[in-house]
Structures are given as structure tokens and as C-alpha cells.
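K.L.:
Fit chain D to the known structure of chain S by using the hints.
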Amino acid sequence: MNAMQIKIEEAKARGKVGLIPFLPAGFPDREQFWKELEELDAAGASVIEIGMPFSDPVADGPVVEKASLQCLADGVNLAWILTELRKRKGQFKAALLLMGYLNPIYQYGLDKFGKDCEAAGVSGLIVADMPHEESQFVKDAVEPHGVALVPLIGLNTSKERMALYAEGAAGFCYFVSVLGTTGQRDALPARIKEKLAEAREVFDIPIALGFGIKHPDQLEQFEGLMDAAIFGSALISHIESGRSSDSFMEPWK
Amino acid sequence: MKKGYFGDFGGQFIPELLMPPLIELEEAMETILPSEAFQSRFAAMLKENVGRPSAITYCPNLSRDLGLDLWLKREDLNHSGAHKINNTLGQGLLAKMMGKKVLLAETGAGMHGVATTVAAAMLDMKAVIYMGATDVVRQAPNVNRMRLMGAEIIAVESGTKTLKDAINEALRRWLSDQETTHYCFGTAAGPHPFPTLVREFQQIISKEAREQFMTRNQGKLPDVVVACVGGGSNAIGMFHNFVPDESVKLVGVEAAGTGEPGCYSSAPIDHGTEGVLHGMKTKLLQTPEGQIEPSHSVAAGLDYPGVGPEHAHLDAIGRVDYTTINDTQAINAFKVLSRREGIIPALESSHAVAYAIENRDKLQGQSVLVCLSGRGDKDLGILDEIL
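Protein sequence lines correspond, in order, to chains S and D. According to my numbering, the first sequence is numbered sequentially starting from 940. According to my numbering, the second sequence is numbered sequentially starting from 74.
One thing to keep in mind: the hints can contain errors.
[Claimed, not checked] Have a look at the derived ranges for each label pair, beta carbon to beta carbon:
#1 D:280 with S:1084: 46 to 56 Å
#2 S:1027 with D:394: 47 to 57 Å
#3 D:172 with S:1124: 26 to 36 Å
#4 D:230 with S:1125: 16 to 26 Å
#5 D:102 with S:1075: 20 to 30 Å
#6 D:102 with S:1159: 37 to 47 Å
#7 S:1018 with D:334: 45 to 55 Å
#8 D:214 with S:968: 39 to 49 Å
#9 D:280 with S:1018: 24 to 34 Å
#10 S:1159 with D:336: 21 to 31 Å
The set of hints was computed from the structure by calculation and includes no laboratory data. Note that CB positions come from ideal geometry on N, CA and C, so glycine has one too.
So that you can see chain S by itself, here it is in the shape it has in the complex (with noise of 0.2 Å):
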């Protein structure tokens, strides 16, 4: 079983939601980040995503946007991020999971970022902008070094594309609760429950809903339906507000 899994489930047995905290690598700053990291860890983060800067995010709102840039203009770059984790390796209880665009990985050459993917303890990956029609070449690349393709679905995904997602999927199913980009929400669509209950059906690993997400009551709706949160913008403007990381996870423990 994939290490994000393990810990989803663990955090489950202690009747939990996961929590999966995402920072692009180098916010706030380049030191600053792995204090985060380590605040995240131990307040009790299943997974911690970590975001690899790109230039052109599509799939990303303003705030994360913004953050991404800033750390693009301090020289963050996936060499960093991968060695830096190197040297930290084992530290981590939670797992940790890669988030970004093709582009930069398929540069950096995706047999050595599945090697170093490994050597780094990195047990997952998201790509944003690859569907499951582009994503073989990738899976190729990555699961043998033990990182899960974690994959991203929608409201707007069918039953039949959900299942093209399942077939050999690890670590946890991303549900992405808005037809948007990142950012908080107040409200989040009511047809959220229905298509949740569709993904259960379909996926045999855990579900963890994000997009929007930026306060634990926010999830009492969905009780029984995803296994585990993921947030960031609202993670970011709470330590850009000059708040802790810690103080951010306090009401979600």
C-alpha cells in the first residue's frame, strides 16, 4: 500500500479526516519553507504536497499563483526541491506528495525524476494539466520508484472516466470540489455529495476533497463521503498574514 494511503487510513482509525496541507517549495521563503514543513508535520499532516513552481498555472487562482511566482523569482526549481528533500529524507512522518505541471518535469527528464523522486521519499505525484489520456508515458516513469500518479477528478467527470482513473490507481483519489481554479470558497456546489458518492463507488483507495477548502466545518456535509482535506490558498494567506503554520492546523486537529 502507497505511503499517502497508509496515513489516510491511520488518521481514519483515530476517527480523523487526512489532512493534506499543499505549499509551493520555497514559500515563504527558501528557509522559511522547511520550517513550515516541519510545523505541518507535526501538527499532524497526513500528506504534505508540495507545489513545484510554474510560470503558467492554469489550474491555480490568484493566491497560489501569486506565491509560486514569488518563489520562481527566489530561483526555487525542481533541482532544489529534489536535492533539499534528499538531505531530509526520513524526517517526515507524513508522506509526501509532488504537485505541478508537465513542463518542468518533462525538462528536468522523467526517468531521473522518478529516480529521484525515490531517493527523495517522495511517494506521489499530480500533474495538473495531464488528463488520463496523456498520463502513460508518466506512470511509466514514476511507479516503478514507488510514486503514485494520484489522480484528479471533477463534478464534471463521468462514471465512465472515473473508472479510466481507478483502473491501478494508488494513494488517494483527488476530488476537486469547483469548476474553477484554487482558491477559498465560501460556498461550495451542493452537487458535490452526489458526485462523491459516484467516486466511492468507483475507487478503492481513499478520496480526499480539495479546491476551496478553507475551514473545517466546511466538511461536516460531507461526513462519510471523502476521507481527507486538502487546502492551500488559504494556508498561504494565513502565513503571509504572518501567522504560524501550526496555528493554521489548530483547528483541524
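P.N.:
Frame of chain S; chain D shown alone:
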């Protein structure tokens, strides 16, 4: 060849949430597009509203000056002033027949935005146009035209504030509004099926030009066919029906920007490397780490760090020669064609005209057919500053 690919290039590298509307569009291409209902109405619109067939024009003065036979395919004479209208009316009608209410578009020089707005007005739809903030300033006449015809214009302040960023924002909008909205992509780029769909609507340029040239030249084909390449829609339209004619040399002209060493260009085929952006695998201006580089051209419509995947393929197989023309050479062509023939070309098209001027020595005695993709009225403000 893999579906949606041109050799190694193309594909559908977009978020899963955009796959349902792309699949819906592909199905509409296969069912609605070939239907009699679509084809007859589209043909009538091209004739009555666009003014097709557009002329081909022999340029006697410039031909004498240069020592070659210069012909122009006059897409500048189309309603709204550029080839873009062929595509927007096609996609607009298709979207209308799919039940969509809104045409969403990105635009660089504004010509695609204007053409989308025209299509929306004709088809009783709403137009929403994303345009980089830099382009909103430098292409003000087109912004005014779009506003007059009822478009909602959104100035994009992110990134380089040009076409690339307008595409990013339009894709984000489409994510949210896909049920009511068709993304009327402006060039033969982006995720499948857009490169094929746009080429289908633009290939009428070479279909007409080939027949017209042969009629005027005792059945002979031109020696050289030239078109400017940004995303590449006018060029793919101008090349498509000449591709099987092995005797015809095809030349795609990318923008070299200022032409100075180290300056940003808009020439991904000549200066770029293979990568993935805006839903397609193609050639891109990028850093070794895969971050997209800013592009630059005096012609806003060419100011894009990527290129349609079919062009990357035509380059890879050696069927088209891709070369570059810099800002100064394009501005010179803008002036020369205006003075010698009384035709003011768009700065984009001026790059293609400049190829004939700059290469006149090796083109002596040959017939050169250039796609004049648009007219230059929109650029007079920029030229006022430069001239």
C-alpha cells in the same frame, strides 16, 4: 499517428476538468460540422458577411523593384480586417448549434477579439475577450471596436501581460463557465481538437489562393508561398492545400523581436525547444528548467512563446522552412508595401512581406505568394511612435 497528434506534437495536456468540454467539441466536429445545415449556412456567411473569396493581388511596382513576381492573398480585405473571421464564424456557428450562449476568446493584436465579437454579434451570442494589459494599450483601436460591438473585455495583469497570459486566464474562465461557454480559440494551437478545428476553418485561404494563382498563371503553381507565424493559424491555412505540391517551397516567418543578441524573440521554432504549454506538446521559448520565457515582437499577434503543433511537425519533417524577420525589417516592409502598392499591411503580415524584400537576391525571377493576413490600421498608433 496518435489521435490529436501531428507526428510527435499536439495532444491534450490540460486539467481533467477541461476534458468534458473538449470531448463535447470533438463530437460536435464529427457530427455538426459535416452536416448540410452547418455547411450551407457557413458557406453563406463566408460569402455574404466576410466577402469571400478574398482577392489575390499582383504587386507590379514592388515586383519590379525586387526583381520577382510578388502576389498577395488578401485576407486583409475580409470583414473585420483579417483572416481571423474565417475561424470565429466557423467556431461561433458550431458553438451556437451546440447550444452555447457565450463566445470566450483570448486575443493578442486584437484581431481575433474583434472577429470573435463580430461572430457573437451576428449569431446573437455574448463575447467575453481576455487581452493582456500591455496589448490593451498598444492595440487600442481594436479594443474600441470590440467595445462598440458589445464585447466584455478583461485586461489581464498577470505575467507578461500579453497573449500567453490572456490564454492562461481564458482557460481558467472556461474551467468555470464550460456549460454555457465555448472557448473560441484563436489560433491553430492549444489542446486537441483546436489545432485541427482552426486549420479546417482556415484552409480556405490556400484552397482559394491555389485556384486563383493557377487561373492567373496558366495553370502554374507559385514557386514560393510565405506566411507569418505566431500561433500559426494564417500560416497553416495558407500552407495546407500546398503541402502536397512538392515543387512549392513553403516559408513560415517567425518574429525575431529586436533581433539583438539576448533579446526576447517570438520564434519558438527557430530558437525554442520541445515542451508542453497550453494543452499541447510543441516547440517553446523556455528556460532549461521548463519555465516559459517572455516573448517579444513589435507585432502583438506574433508575441507568443509557443507555436501550433502542426507547424512544429512540418518543421520536423522539413516540409516548411521556418525563418525569422526582426522588428526593423517588418516595419520597413510595412512602409514599403504602403508606399509602393497603397496597401497598409498589419505588422504581423509585414513579417511575411519582409521575407520577400530581405531575400530578393535569391528569389530573383521567382513567383512569391504571400499571405497578407490582416490590415494595418490597428498599428498606426504604434507606428506613429516609431516612425
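K.L.:
Each hint should be assessed against the structure and marked as holding or not.
P.N.:
Do the hints match the structure? See the list:
1. Remark: the range hint 46 to 56 Å for residue 280 (chain D) to residue 1084 (chain S) is upheld by a beta-carbon distance near 51 Å.
2. For residue 1027 (chain S) and residue 394 (chain D), the hinted distance range of 47 to 57 Å is satisfied, since their beta carbons lie about 51 Å from each other.
3. One distance hint, 26 to 36 Å for the beta-carbon pair residue 172 (chain D) and residue 1124 (chain S), holds here, with the actual separation near 27 Å.
4. With their beta carbons about 24 Å apart, residue 230 (chain D) and residue 1125 (chain S) fall inside the hinted range of 16 to 26 Å.
5. At about 25 Å, the beta-carbon gap between residue 102 (chain D) and residue 1075 (chain S) stays in the expected band of 20 to 30 Å.
6. Our hint of 37 to 47 Å for residue 102 (chain D) and residue 1159 (chain S) holds, since their Cβ atoms are close to 44 Å apart.
7. At about 27 Å, the CB distance of residue 1018 (chain S) to residue 334 (chain D) disagrees with the hint of 45 to 55 Å.
8. The beta-carbon spacing between residue 214 (chain D) and residue 968 (chain S), approximately 44 Å, falls within the hinted interval of 39 to 49 Å.
9. In this structure the hint that residue 280 (chain D) and residue 1018 (chain S) lie 24 to 34 Å apart at CB is violated, the actual value being about 49 Å.
10. At roughly 56 Å, the beta carbons of residue 1159 (chain S) and residue 336 (chain D) sit outside the given window of 21 to 31 Å.
Violated hints, in rising order: 7, 9 and 10; the structure is consistent with all others.
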